[in-house]
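Novice: With chain F held as given, fit chain D onto it using these hints.
One letter stands for each residue in the lines below.
2 protein chains.
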Amino acid sequence: MAIIVQKFGGTSVGSLERIEAVAEQIIQTKSRGHQVVAVLSAMSGETNRLLDLAHQLDANPSPRELDMLLASGEQVSISLLAMALIKRGYSAVSLLANQIGLRTNNRFNKARIKYIDNTRMLTELQQGHVVIVAGFQGCDDEGNVTTLGRGGSDTSAVAIAASLQAKECQIFTDVDGVYTTDPRIEAQAKKLDQVSFEEMLEMASSGAKVLHSRSVEFAGAHKMPLRVLSSFKSGSGTKINFNEANLTNNPVTAIASQKDEAMLTLFGISNDSLLKKELFLALAEADIEVDMIQQASINHKSNDLIFTLHRNDYLKADEIVNGLIRSNLLDKSCGDDKLVKMSLIGSGIRSNTKVSRQLFECLHENNIELFLISSSEIKISFLVKPQVHDLLVKALHQKFKLDQ
Amino acid sequence: MAIIVQKFGGTSVGSLERIEAVAEQIIQTKSRGHQVVAVLSAMSGETNRLLDLAHQLDANPSPRELDMLLASGEQVSISLLAMALIKRGYSAVSLLANQIGLRTNNRFNKARIKYIDNTRMLTELQQGHVVIVAGFQGCDDEGNVTTLGRGGSDTSAVAIAASLQAKECQIFTDVDGVYTTDPRIEAQAKKLDQVSFEEMLEMASSGAKVLHSRSVEFAGAHKMPLRVLSSFKSGSGTKINFNEANLTNNPVTAIASQKDEAMLTLFGISNDSLLKKELFLALAEADIEVDMIQQASINHKSNDLIFTLHRNDYLKADEIVNGLIRSNLLDKSCGDDKLVKMSLIGSGIRSNTKVSRQLFECLHENNIELFLISSSEIKISFLVKPQVHDLLVKALHQKFKLDQ
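Sequences listed follow chains F and D, in order. Each residue of the first sequence is one higher than the one before, starting from 1 at the first, in our numbering. Each residue of the second sequence is one higher than the one before, starting from 405 at the first, in our numbering.
Hint data in this document are derived by calculation from the structure and do not stem from the laboratory. Some clues are possibly wrong.
[As the list claims (entries may be wrong)] Pulled a few chain D residues facing chain F out of the computed Cβ check, cut under 7 Å: (1) Ser419; (2) Leu420; (3) Ala458; (4) Pro465; (5) Met472; (6) Gln479; (7) Val480; (8) Ser483; (9) Ala486; (10) Ala488; (11) Ile490; (12) Gly547; (13) Ile697; (14) Gln699.
The beta carbon of each residue, even a glycine, is placed where N, CA and C say it ideally should be.
Extracted from the complex, chain F is given alone in its bound form:
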């Protein structure tokens, strides 16, 4: 008898009808002889409703109190699902983060999981109960309610699966799997039956919204097999496979896009190491995540530094850079806060030298300019203007035969 962890997101539990459908889904899994732990998000719309209440009181509500407020959303969905299962004759028990000992640090609004005490969950499973856990939330050492930030419920599910040594962690969502690219942009986009963990991590951190990168990272670190499935229609979804073997002949597996990117270029850095120390310290203190970093030497006298970040952080970062100009640590800067980062992802990229050549061919054929490019073992990322994005997705999808 294996333990299966099933995570259901906000739209999957967005109404009483949906909650009843989730109950049926769990019963199906149980009837196949598995023990089930369900991890839920709040009913869709609920988190926004609560956020709206908070923001009416205070534009910058207390982070601790915001977590206390938001965590109430999952408490509603888990108890309702338990009722739906009990009504159907299945014993079920809903549990909050503090009840399963899901301990986090005390960084409110984006807490990190420290450990989970699986005792209570195992006891409940042994008694034949379906265990229904509130995702997204945690509990710090002082017993304060914390939340895990964006994608938090996925991370909860993976961490819980790991702590229970589950057979598989299934992420039920509103799409039926991981696609070669966004099917709303490229109708020929194909569902992938399996993706390697490495690829999924690169996809998640490159804008593929189906899974949050933190949860994939967590799954990787704990070797927890993942599966992405639709909670609206049946199917085997996409398995996130830990096998290194590339199962297709295509070097590229998928194309991911991260909208809302911004880029800042710093010209004429007079004292390179001091500037970088000051810059990245200030960015870190302002809680700004830097994505790509590149340094280019235009002439021999000074260096230029380029980095990318989320558009929402652009103004804050620009202010920091202007401060450095006033301190004479650099001459001037320029930036663009309307860019898209596109990424080609595939385990085959590392062993296939043709990928870059084909990418540049495609850019040339379509007369598209790129602003920054960087590559890792299994990924090539680059920035383009938003208006060329959709065209380029289609062109690259065809070029790399992702529809086949």
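Specialist: For chain D alone, coordinates are given in the frame of chain F:
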């Protein structure tokens, strides 16, 4: 520096505007040099919204899961109030029942408080924080969420006040104090400046809705001074006074009414002690609260037994009684599920023999029949038909000079 516990009910925190008004109220109390612990109910309407969701899934939802669901309501109101105070420059911290160690038994939906660990609250108060606690909820020995049932937030507030040895427990509500009778029925009804604890307890258990009898009982047991105040207008409300001295010349302090009463009469009891054992065991097992009990010997051969209960329990109780008839423990029964219990309450009743006489005079003058009467030291209760209720309230209010 004294600790004041202030409890705000659902209508007092029913909107963001109301929550901001409560924040101002707390700030006023703090500015008078007090440490404040606020105990809140859920925003009005929220508990009903959640109950409605539960009942759509299951007409008889799991009691454990219902408590989990309902407890989310207070989590919302406490965190929003904390935000409102923090926005105004006051430090505040919201705490759930499990965070203040409010331990109850595991009787879901109507749990009883076992003890409270005041450590966290005292620490927060010493740091200058306003402490905002979720009322109505508790936590059993296994860490399950429980709720205290009707009037639960009042009970939470009193228990918290007792555990902190507060100076006073203030119950803010939508009325400005305790009245001689319901002002919607008798326009001459007068607000009482103070009421003795005994009187308040009798009033609460006789239908006066302003305080729940359990909270008054708890306050009495812990000698915790109470005050009932309006959260909508200023005023000193009604103090619940532990002084035994009757402060008025009137033997009667107030008239309370409990609608929705039912009465069952059991005729021809063949084996008195066996019947009573069976009857009260069955009623207790069905969770039916019996109010008044009387036994009358009509002739010398058999006894009749009369008891009253809430109208909602009438059908269940009638079934139990019919079972006893089938077991030949009694001949027959009759009942009435449309009655009102009225009570005259006053510390002066015990020392004033005229009260019963005046009551019967009044009944006679108004040609009103009563069905059952019982009296204690400071209370005379009796059942009447609903249609004579309002008339009798007015007549008794005048007869006992409660408007003076």
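Novice: Give a verdict on every hint.
Specialist: Now for the hints, and whether the structure bears them out:
no., hint, in the structure
1, Ser419, "violated (10 Å)"
2, Leu420, "holds (5 Å)"
3, Ala458, "holds (6 Å)"
4, Pro465, "holds (5 Å)"
5, Met472, "holds (4 Å)"
6, Gln479, "holds (4 Å)"
7, Val480, "holds (5 Å)"
8, Ser483, "holds (4 Å)"
9, Ala486, "holds (4 Å)"
10, Ala488, "holds (5 Å)"
11, Ile490, "holds (5 Å)"
12, Gly547, "holds (5 Å)"
13, Ile697, "violated (37 Å)"
14, Gln699, "violated (42 Å)"
Hint compliance for this structure: hints 1, 13, 14 are not met, and every other hint is.
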